[in-house]
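Asker: With chain C fixed as given, assemble chain P onto it according to the hints.
Quick mapping for you: the protein sequence lines, in order, are chains C and P.
First residue of the first sequence: 1, per full-length UniProt numbering; consecutive thereafter.
First residue of the second sequence: 1, per full-length UniProt numbering; consecutive thereafter.
Honestly, the hints are just simulated from the structure, not real lab data.
Model, not experiment: these values are computed from the prediction.
Be a bit skeptical, because a hint or two may be false.
Here are the simulated lysine-lysine pairs, PhoX-like style, with alpha carbons at most 25 Å apart [to be verified]:
1) K138/P with K104/P
2) K104/P with K15/P
3) K66/C with K194/P
4) K156/C with K104/P
5) K336/C with K410/C
6) K66/C with K156/C
With beta-carbon atoms standing in for the labels, derived distance ranges [to be verified]:
7) I333/C with S11/P: 34 to 44 Å
8) Y523/C with S11/P: 14 to 24 Å
9) R61/C with K15/P: 25 to 35 Å
10) T73/C with K15/P: 25 to 35 Å
11) F505/C with G101/P: 23 to 33 Å
12) N226/P with T511/C: 35 to 45 Å
13) N168/C with Q103/P: 48 to 58 Å
14) A115/C with G243/P: 30 to 40 Å
15) R435/C with K15/P: 49 to 59 Å
16) H474/C with T12/P: 38 to 48 Å
Glycine is no exception: its CB is placed at the ideal position from the N, C-alpha and C atoms.
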Amino acid sequence: MTPINRIVIVGGGTAGWLTAGLLAAKHSQANKQGQSVSITVVESNSVHPIGVGEGTWPTMRRTLAKIGISEHTLITKASATFKQASKFVGWHHTNKINDENKNSRQSHYYHPFSAPQGSATADITPYWLSERAGNSYYADDVCFQPSLCEAGLAPKLPNQAKSAFCANYGYHLDAGEFIALLREHCTQQLNVHHLIDDVVNVATGIHGIEALTTLNNGEIKGDLYIDCSGFNALLIEKALGVELKDASHHLFADSALVCQAPYEQENAPIACHTLSSAQTAGWIWDIGLQHRRGTGYVHSSAHQSSHDALHTFTQYLGSVAPSLAVGDKIREIKFKTGYRHQFWKQNCIAIGLSSGFLEPLEASSLMLIEQSASLVAEQLPAHSGVMPHVAKRVNATLTYLWERTIEFLKLHYVLSNRTEDFWQDNRNVDSIPARLAGLLDEWKYRPVLESDFTSATEAFSAQSYRYILYGMVHGNSPFCDSYKYMHTPLNAKFASKQLQLNHAFTRQLHTRLPSHRGLIESYYSAIR
Amino acid sequence: MTSPTYVPLDSTQHKHYSIVQDNSYSHAKDFNLVNVGFNEIASLSGCMPLAVAVDDTEHPHALVAVVGWPQFGNVFCGQQEWLGHALPLSIQSYPFNYALGEQKFTVLLDESAPCVSPDTSVGVALFSTDGQPSSLLKAQQSALSSLVAGQQQAQAFLKVLRELGLLTRLSVSITRQDGEVHEAANLLSINEEKLAELNADTLLQLHQQGILMAINAMMLSLRQYNRLVQLTRTNENPIEKVGLKLISE
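Isolated chain C, as found in the complex:
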């Protein structure tokens, strides 16, 4: 039995450095027996991050706190901005809103990070379905955050005390700058060893990986290897032979065209949400960073030719950044949707793109890295003898997480009523994961329940499902009639009070919160 004292991480992208940070923050100090865990990141100099802007979940705040990186550092050193929600535009066609003010709205809905008003006490959805569905927008009625996003307002006041109100938020990041920040922090503050080198050979034996051979630093040995080598999957696939479990029959996209677009004016407002606009054969993400926006068209090459996809993307770019000379600024990325049959095999675990890939529809990529790395940091086996037990549990947890994430992403497609082939194929029964199909059947007869999602490591809560489901359905949808089958009262007094409170709270926040750019600028101002 070998003690796990040497961890070698192959790959220095976001996955590699986040994993190094989380592991080092928990294990690099010596224990009472005087032992500490050494963590080495082997990073190739020839691989560069894509850097088109990434969204995080609110979980990133806790992750960075664990690693020891302050929000101030993140904003000023990695050009991060705040993210309060995802806004989905054109995912469904509707003419349900009669309200004059909302008539001009493009069909859109929000998935905000903050919980619905009153949800800590009771779910007011049944009341909403009975009184408001068809005439109003679910997220706007039950949560203040869509309104803040529409007005370009920040999630909180500058320099406020931790106890003060703030809307729930994550970040938008420039991956390249974020990696540089993590690298500097991990090597300077957390004692992580950094080798800039290429792994040229991986020696394997009956216990898994025995050693890595590098171009300039010879042989490197570890007790646990973490594969963060991206799509290369150098250890988990090439060395240990674990293949991807294909999920492209659920999620059809296999290509992304990406582009960095400047703001039309230097001080343009920054969107405080990820904008996700549905297109002919996929959707376009648009993420506001401090000095530019990161955009990409995720699409299915089986449903749209690359020529047409490029046209779709350039048309979008022309509408948001007319002065951008697109030229050679657009790059194409091909990907396979799926995840490993085994994430942890013998003495190796894959984290990040090497573990699988899902389209970035709900920014699940960084979340899965955070979850995987936190799990490894927390459950780090003491020695090789107990490693199989840990591997088994981690594999089960991560498989559950990936499956649930696929289902949640698929939900967005299943509920659409768009008519292009891509969208129709997405509603094909054979393409819908069985568990999701079952829940959708049930939700016609009762609203979404907390108890539909029972795992301790659930990726998406009932709240998220409600925001998507009731954000996309129409007044005459069977999902809107689900309250009619309930045998218990709708608790109308409590529910209508919550809607009023949300309205009042929203108004109050508008009079207090600065613009998103205003909040960002406060981090740079001389006086704090």
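Answerer: Then chain P, alone, in the frame of chain C:
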């Protein structure tokens, strides 16, 4: 202090302006009386005496908070900070003010105020570079809105007090450590006897309008003269004693 130069706040003209926050509110260091709104009575009455000021024709014209005496200036203005737990909105909203036109509320900025800077290299910006109001400016705009509402309500409140004859002259005398005595009777307060004589219907009505609570708060607030006395302790010739007398006319 130079006299204020109020100009309408303009997001273009004042785009780069900033405010250096002064926690002691030293611009108010010479004030003795401060206009307050009806909506401030509850919060201020536990911190400073509230009374009614009269104009040149002895007409009761403003609800005020007493923050000092001519001999001492504003006793709440400390070296580093404001020495009370409550702060009148009109002091808080400096260097801003408002003008009311027909249906129009204009925010004014005192460009000559020492805390106002025409660039953002110091202090907190009024606008972010996208031209949106900063949280500081939004807070000031909210304070001004409360101030306007409160001052309008205060006039209605004074009208009720006058009509019911509930105001009477307040005489305040202070005795300083060296024995010097100053007496002033330039304020009005609640006539407790007249209040006690009101019939039940009127009292009920005043209660329902929230006015009775304000009346009681004003009466109780006179005890805060002791707090003002306490705050003169650092003076070389502090107040030893304060005497209050309500003079029925």
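Asker: Each of the hints needs a verdict: does it hold here or not?
Answerer: Do the hints match the structure? See the list:
1. Of the pairs offered as hints, the one joining K138/P and K104/P holds, with about 18 Å between alpha carbons and a cut-off of 25 Å not exceeded.
2. The straight-line distance between the Cα atoms of K104/P and K15/P is roughly 22 Å, inside the 25 Å bound, and the hint therefore holds.
3. Of the supplied pair hints, the one linking K66/C and K194/P is violated, its CA atoms being roughly 66 Å apart against a limit of 25 Å.
4. Simply put, K156/C and K104/P have alpha-carbon atoms about 30 Å apart, too far for the 25 Å limit, and the pair is violated.
5. In summary, the hint linking K336/C to K410/C is supported, as the alpha carbons are separated by about 16 Å, within the 25 Å threshold.
6. The suggested pairing of K66/C with K156/C holds, with an alpha-carbon distance near 22 Å, which does not exceed 25 Å.
7. Between I333/C and S11/P the beta carbons are some 42 Å apart, a value that agrees with the proposed interval 34 to 44 Å.
8. For Y523/C and S11/P, the hinted distance range of 14 to 24 Å is satisfied, since their beta carbons lie about 22 Å from each other.
9. For R61/C and K15/P, the Cβ-Cβ distance of about 32 Å falls inside the hinted range of 25 to 35 Å, so the restraint holds.
10. Between T73/C and K15/P the Cβ separation comes to about 29 Å, which falls inside the hinted range of 25 to 35 Å.
11. At roughly 31 Å, the beta carbons of F505/C and G101/P sit within the given window of 23 to 33 Å.
12. At about 37 Å, the beta-carbon gap between N226/P and T511/C stays in the expected band of 35 to 45 Å.
13. Restraint check, N168/C to Q103/P: a C-beta distance of roughly 39 Å breaks the suggested window 48 to 58 Å.
14. In this structure the hint that A115/C and G243/P lie 30 to 40 Å apart at CB is violated, the actual value being about 58 Å.
15. The hinted range of 49 to 59 Å is satisfied by R435/C and K15/P, whose Cβ atoms lie roughly 55 Å apart.
16. Under the hint 38 to 48 Å, the C-beta atoms of H474/C and T12/P, about 45 Å apart, fit the expected range.
The structure does not agree with the numbered hints 3, 4, 13 and 14 stated previously, though it agrees with the rest.
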